[in-house]
Amino acid sequence: MAILFYKRAIQDILNNRFLNTVTIVTIALSVFIVSAFLLFFVNVTDLMSHWKKGIRLMAYLKAGISEQMISGEKDKIEKLPGVQTVRFIPRQEALSQLMAQMKRQSSLFQNLDENPLPEAFEVLVKPSHQDSSEIESLAIRIQAFSVVEEVEYGQKWLGRFTNIFKLFSIIGYAMCGLFFMAAVFIMANTIRLVLYQRREEIEIMRLVGATDGFIHTPFYIQGLIQGALGAALGLGGLFLIYRFVSINFEQSFAYALVKARFLSAEASALIILVSMFVGWLGCFISLKQFLKV
Numbered sequence: 001m002a003i004l005f006y007k008r009a010i011q012d013i014l015n016n017r018f019l020n021t022v023t024i025v026t027i028a029l030s031v032f033i034v035s036a037f038l039l040f041f042v043n044v045t046d047l048m049s050h051w052k053k054g055i056r057l058m059a060y061l062k063a064g065i066s067e068q069m070i071s072g073e074k075d076k077i078e079k080l081p082g083v084q085t086v087r088f089i090p091r092q093e094a095l096s097q098l099m100a101q102m103k104r105q106s107s108l109f110q111n112l113d114e115n116p117l118p119e120a121f122e123v124l125v126k127p128s129h130q131d132s133s134e135i136e137s138l139a140i141r142i143q144a145f146s147v148v149e150e151v152e153y154g155q156k157w158l159g160r161f162t163n164i165f166k167l168f169s170i171i172g173y174a175m176c177g178l179f180f181m182a183a184v185f186i187m188a189n190t191i192r193l194v195l196y197q198r199r200e201e202i203e204i205m206r207l208v209g210a211t212d213g214f215i216h217t218p219f220y221i222q223g224l225i226q227g228a229l230g231a232a233l234g235l236g237g238l239f240l241i242y243r244f245v246s247i248n249f250e251q252s253f254a255y256a257l258v259k260a261r262f263l264s265a266e267a268s269a270l271i272i273l274v275s276m277f278v279g280w281l282g283c284f285i286s287l288k289q290f291l292k293v
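Residue numbers (the numbering used here): 1 to 293.
These are calculated hints, taken from the structure and not from any lab test. The reader is advised that the hints may include incorrect statements.
What the hints assert, rightly or not - Under the rule of at most 30 Å between Cα atoms (straight-line distance), these lysine-lysine pairs were calculated in the BS3-like manner:
no., residue 1, residue 2
1, K79, K126
2, K126, K74
3, K62, K76
When you get a sec, could you build the whole thing from the sequences and use the hints?
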């Protein structure tokens, strides 16, 4: 009996190629867009997690501070809540690091009469204290030390990046809901048109005693197949674009910090299952309205 249902479902898809193609493409586009947002969130989350492992505050010191005082203040900063380690960076080491990072602009350093950089403390923050408010509080406490001239940790960049990430999250949720409803609507209307074309056949089947399950099951299978095909096409298209971008991205400096990754097998399987549910739900709505189940 199951084989008969599958044959009827596949035959319906083949007999209405245009309608079903439109439905599958619509589902594929919905899956592609939603999965692209999900892929973006996965990799941005990885990037933020990697970045948070090494959140540092740079405390630039005032000029003319003795080594003994620097050592004593360093010990005090290390005892502050949220501080993992503190490293003292002498002026000459800071200049050497800057020159190494700006090799292509080495001409900028040729006419330097003296080292313009201050000495500094590099403060590594514990992972448990990396909330923006806690970092701000720690920066204020370090700023209060008498040897500290200024504290810098990219607070403006951190705030903007966090706000942008939240905005994309809201947009992503809205897009997921919108395309979910659009896919269900298209699916329901496709099945409704097929039912309208086969209304006489369905009426005859009812007259000869066919059960509702016998009539409905092929349509549900049809919806599941369309959902699975749409998800496979959407994920396949996204993977091809991901491979193209990642091959070019591998040559950049950022790739050395965080390697971009595609959706996991579990996430892909869940997307396919949700897409199949969309197909089933579209059929359920259409059958309930058309056949008054």
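Going through the hints against the structure:
1. K79 / K126: Answer holds: K79 to K126 is near 12 Å, not above 30 Å.
2. K126 / K74: Since the Cα atoms of K126 and K74 sit roughly 16 Å apart, the hinted pair holds (cutoff 30 Å).
3. K62 / K76: The hint holds at about 17 Å.
Hint compliance for this structure: every hint is met.
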